[in-house]
Amino acid sequence: MSRFEATPSVNAKLRQEAIASILFLGMLISILLPLFAIVGYLVWQAAPSLNWQFLVLAPTHGMREGGVWPAFVGTLYLVTLSLAVATPIGVLAAVYLTEYAKDNWFNHAVNMAVLNLAGVPSIVHALFGLGAFVYGAQFGYSV
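If you count the sequence shown from 1, position 42 lands on 96 in the numbering used here, and the numbers rise without skipping.
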């Protein structure tokens, strides 16, 4: 046996890795194919309605006609303001918790809260807020 020949156990390991790679590639294709089919169908159906006026005009006739410019600008403002407020707070809190925080019950509670908030999808938080504030506190349909 030459010094650089693979042993049977190495060959078996390489074969297992090749089979696993093929299986994962098949799973990736089985997920991406329907996704691209759905997105392609939606773009195909919406293509006649998408034009420059739709993007830059304000809605008219009770929001049944016109464009989406005010909604786009409002979303842009909201995202910018949210990032401007949340980014410094998040970065400073992370630096404090990782570098300066002492080992006490309050910091453990904050750490646990951060981990729990990070582990829950944002839509769950939104549904909780909807239930608590809009329905529970009876603020009406819009907070």
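It is possible that part of the hints are untrue.
Unchecked claim - Estimated spans, in silico, between C-beta atoms of each pair:
#1 130 - 192: 27 to 35 Å
#2 91 - 179: 40 to 48 Å
#3 65 - 137: 50 to 58 Å
#4 140 - 188: 55 to 63 Å
#5 76 - 144: 37 to 45 Å
#6 137 - 174: 19 to 27 Å
#7 124 - 193: 31 to 39 Å
Rather than coming from a laboratory, the hints here were simulated on the basis of the structure.
Note that the Cβ used here is the ideal one computed from N, Cα and C, for glycine as well.
Hint check:
1. 130 - 192: 27 to 35 Å: holds (32 Å)
2. 91 - 179: 40 to 48 Å: violated (31 Å)
3. 65 - 137: 50 to 58 Å: At roughly 52 Å between Cβ atoms, residue 137 and residue 65 fall inside 50 to 58 Å, so the hint holds.
4. 140 - 188: 55 to 63 Å: violated (22 Å)
5. 76 - 144: 37 to 45 Å: With Cβ atoms ~41 Å apart, the hint holds.
6. 137 - 174: 19 to 27 Å: holds (20 Å)
7. 124 - 193: 31 to 39 Å: violated (24 Å)
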